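Starting from the known structure of chain A, fit chain B onto it as the hints suggest.
Chain residues, written in single-letter form:
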Amino acid sequence: MKKILFIEDEAALQKTFGDILGIEGFRVIPAIDGEIGLRLAYSEQPDLIILDLVLPRLHGLEVLRGLKEKKETCDIPVIILTNLGDLENIEKALQLGATTYMVKSDHTLNDIVEKVKKQFLIN
Amino acid sequence: MKLIKKPNMNLKKFLDSINIAKQCRKYNLSVWQCPQFLFLILGLVVIISSLAIYFIGIHYSDDPEVIALIVLFMSIFLIMVDFSIIKSFERLAEVARMKSEFVSVVSHQLRSPLSNLKWVVDLLISGKIESVSEKQSVYLQILRENSRRMEGLVSDLLIVSRIEADNLPFKIEKASLVELIKSLISRIESFAKASNIEIELIIEENLPEFFFDYQKIEQAVNNILDNAIRYIKGNGKIEVILKKEANKLCLEIKDNGVGIPKEDQKYIFQKFFRASNASKIQAQGSGLGLYIAKSIIEKSGGKIYFVSRENEGSVFTINLPIK
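Sequence order for the protein chains is A and B.
Heads up: the first sequence runs through residues 1 to 123, numbered per our numbering.
Heads up: the second sequence runs through residues 1001 to 1323, numbered per our numbering.
Only chain A is shown next, with the shape it has when bound in the complex (with noise of 0.2 Å):
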């Protein structure tokens, strides 16, 4: 079973795609914060990141500098998924080295799964 790290600090969120991405057969590890995010990368080798960036204790652009830098995470795929839309942010997080990046009000929670789905078939 694929494992996908999301790191996010909305419960509600956290209950939605974790029921969500179970049913469509994933292991969804939860992580409310950026450092116990970042740890959990470290030490569960997910196949996947979904990461938030606005987030407390750690920035998601933090995170994905801490994911990169490290030879056992940085070619994990890592989905941002925020609601910070600007160009700043955005290129930021594409030269971290992102492999996608998602405005949360721009997408369905279907366009999400279907990202999610279609990163395992790229790998």
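Accuracy of the hints is not assured; some may be wrong.
Simulated crosslink set (PhoX-like; lysine-lysine; CA at most 25 Å straight-line) [claimed, not checked]:
no.	chain 1	residue 1	chain 2	residue 2
1	A	Lys3	A	Lys115
2	B	Lys1182	B	Lys1243
3	A	Lys3	B	Lys1128
4	A	Lys15	B	Lys1128
5	B	Lys1171	A	Lys92
6	B	Lys1280	B	Lys1233
Keep in mind that the hints were calculated from the coordinates and are not lab data.
Source: prediction; values computed, not measured.
Leaving out everything else, chain B in the frame of chain A:
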């Protein structure tokens, strides 16, 4: 705990406060509307007035003390008047800046719960958690439709606050306006058909690609097309014509809708304005669509204008420079 004073910070603050260009940028105002610049100009006026009073004074009086006193009182009076005018200006500029910032922060904060709401409804409607009855599905669709509407409004407010702060980012890339129009129409066709509206697309051959922000122009055109569909009563027709004129691409969107009453036409691009007949036909609508469209087109170096007759229809024309 020891408090350490940072003299450099105070000096920087002071230097920033007298940096007129920086202060004007902070309020996002032109120099002639900027309180700090106006204060400088009025200061010069005070000096010139004082000198003028002095020269007039020595012409009419031989007593230097009286002249000095008159100049002093006049200068103090003028400075006080200037100061109170500038302070009012500064307060107004600050209020405008805070309003824009407030809208931006609130809109951002509203986006998170709205996305959560939308996705939970998506999950319930999908029937993957448990099966949904027909009646429940109707109510869930209402929830979904309304959360989308709210999301659209919040998104429009965010764009407006960015336009006002002159902070709307543009990503200029070489792209095809033809592709943009075709894909946009294929997306809204079902909405048009549901409203018994036929869309005819007439595109000149061999139109060139050029540099523009695809997403922004798409939004501007979408806002106009959306209005065209919404404000046609009963069966109707929309013609979308794209052609080249000299060094620009010209997009015309013609509809046979309700048109814009003559007395409302001069306000139609103002934010939050809705034509009197529009509110009667469509209760929904924030009055932001055309304001956003105009801002985007003008920021892209283009022009937007319209011709409209009430009860006959409207033609909106967008000209974009080929660059």
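Going through the hints against the structure:
1. A:Lys3 x A:Lys115: With a Cα-Cα distance of about 15 Å, the restraint between A:Lys3 and A:Lys115 holds, given a limit of 25 Å.
2. B:Lys1182 x B:Lys1243: holds (14 Å)
3. A:Lys3 x B:Lys1128: holds (20 Å)
4. A:Lys15 x B:Lys1128: It holds: about 14 Å lies between the C-alpha atoms, which stays within 25 Å.
5. B:Lys1171 x A:Lys92: holds (14 Å)
6. B:Lys1280 x B:Lys1233: holds (11 Å)
No hint from the list above goes unmet by this structure.
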